[in-house]
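Asker: Now for the letters of each chain:
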Amino acid sequence: MEPNKEILIDYLDHQLNLQDTDQVEIMVQNDKSLADELQYLNMAIDTVRLNSINDKVLSIRKSLPYTSALTEKPANNRIRSIYKMSMRAAAIFILLIGIAVLYKYFTVSSPSVYEKQFTSYELSNLRGQESHDSEDEAYQNKNWNEVLTIFQKGNNKSNKSVFLAAMAEMQLSNFPQAVSLFENILNNTRDNTFREESEYYLSLAYLMNHEINKSIRLINKMKADTSHTYHPLAIKLSSIDLKIIELKK
Amino acid sequence: MYRKNRFSDSDLVAAILKKDLLEQAIWQLYQDHAEITRSFIIGKGGTEQDADDIFQETIVSFIECVQKGKFRQESGVRTFLISISKNIWYNEIRRRQRAGNREQIFEMDRDQEEGPVTELINDREMKKQLNLLLQDLGESCKKILELFYYENLSMKEIVSQMHYENEQVVRNKKYKCLQQLADKIKQNPLAVKQINELISK
Chain A
1 MEPNKEILID YLDHQLNLQD TDQVEIMVQN DKSLADELQY LNMAIDTVRL NSINDKVLSI
61 RKSLPYTSAL TEKPANNRIR SIYKMSMRAA AIFILLIGIA VLYKYFTVSS PSVYEKQFTS
121 YELSNLRGQE SHDSEDEAYQ NKNWNEVLTI FQKGNNKSNK SVFLAAMAEM QLSNFPQAVS
181 LFENILNNTR DNTFREESEY YLSLAYLMNH EINKSIRLIN KMKADTSHTY HPLAIKLSSI
241 DLKIIELKK
Chain B
1001 MYRKNRFSDS DLVAAILKKD LLEQAIWQLY QDHAEITRSF IIGKGGTEQD ADDIFQETIV
1061 SFIECVQKGK FRQESGVRTF LISISKNIWY NEIRRRQRAG NREQIFEMDR DQEEGPVTEL
1121 INDREMKKQL NLLLQDLGES CKKILELFYY ENLSMKEIVS QMHYENEQVV RNKKYKCLQQ
1181 LADKIKQNPL AVKQINELIS K
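Read top to bottom, the protein sequences are chains A and B. Everything in the first sequence is counted per our numbering, starting at 1 for the first residue and increasing by one. Everything in the second sequence is counted per our numbering, starting at 1001 for the first residue and increasing by one.
Hints are computed from structural coordinates only; laboratory data are not their basis. Each residue gets a CB set at the ideal place from its N, CA and C atoms; glycine is no exception. Incorrect hints may appear among the rest.
What the hints assert, rightly or not - Pairwise CB distance ranges, derived in the manner of DEER restraints:
#: 1; chain 1: A; residue 1: Q15; chain 2: B; residue 2: I1036; range: 39 to 49 Å
#: 2; chain 1: B; residue 1: K1128; chain 2: A; residue 2: Q29; range: 25 to 35 Å
#: 3; chain 1: B; residue 1: Q1187; chain 2: A; residue 2: L16; range: 27 to 37 Å
Please put together the full structure from these sequences, using the hints given.
Answerer: Quick look at the structure:
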């Protein structure tokens, strides 16, 4: 290395004594090439320092996942807050569903479904005829015991007579007897009257007689048969309610 | 990290001048000012990557300004940083335009200020090129120059850190490396132009 250049570096490094420092400054003032050299060396030192600062800043930039975090932070907060709100809404929704399910579970029972679905069978409405039959008269007068007495004494075991007797049993809450009578009607292959009526009321009688599976089978049959007279009533019977009753069994 | 003992603007400047507190100062600059400058860059058509790079350059320029005594605290640190960022970004847009990129220019509210900021930013391209020349020197040269000129370590300390035989070896190596870098700089037209301007002043 040229001696002058070495002195210039020592000058920049503050390694020279005062006398030598002054000497270098005079030399630089009088020699343009030396002045240039000094500037290039100075620029080299600046470059080293700047690079070191840059490395330091870069290492901190990398150590902080800061720059990406900065832009993501508000988005994250927003997402987190939307997420929290959604979670709250979901929790409330689940809670309400839970309460509704529990309420349904504890309130739905065979008697509650029966009460909702059972409607008295109006003899005159369906037939549109004035009755002169004693069993009919007793039925229309809602004298259920009389209906049963007449049925038991009489020889007329037509489907209609059996049906009225079964309905009288239903009204008296004698469900096993009602079931038996309705089943007789359905088993009677010679007479097809009152079959559909019997199916509907039998399904309700099964319900009260703790024969849930049989009830559900009959109800499903009526639901599936759109031409069934009692199809409109059958579809009102909730499958969930029936399932709950089945579970409680 | 550094969550306690936050610096005021004047303490921050003092911390930058003390090398042992520099890291904490840089950390605080990121925490306090990155968001607003990043928003500005992104708002002016930059990508997130641009915003990160520009803010990094902004901090380096700010530290350089402080260490060279060019930041006189006439404005707050934030105002000064935003001013640096704007200038760097507008320069970058112009550079990209020259490079043929058809990017939209946002020169509407370009700061026309002169002074230390513009002075520092104007030679940005040259500094980048000089930095590449430093990388070309090789790792040992770069390291020895860094330890001496940035970390201010003595020859003795460098000997123990870099496992050289003795101080004279380190001294010779340092002379050689600095001269090599200066010689490379002489070949750089931007650097030559700037030196000529400086000498002629």
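Asker: Are the hints correct? Go through all of them and say.
Answerer: Now for the hints, and whether the structure bears them out:
Judged by the Cβ atoms, the range 39 to 49 Å given for A/Q15 and B/I1036 holds: they are separated by roughly 44 Å. For the pair B/K1128 and A/Q29, the supplied restraint of 25 to 35 Å holds, since their beta-carbon distance comes to about 32 Å. Between B/Q1187 and A/L16 the beta carbon distance is about 28 Å. The supplied range of 27 to 37 Å therefore holds.
Checked against the numbered hints given earlier, this structure breaks none of them.
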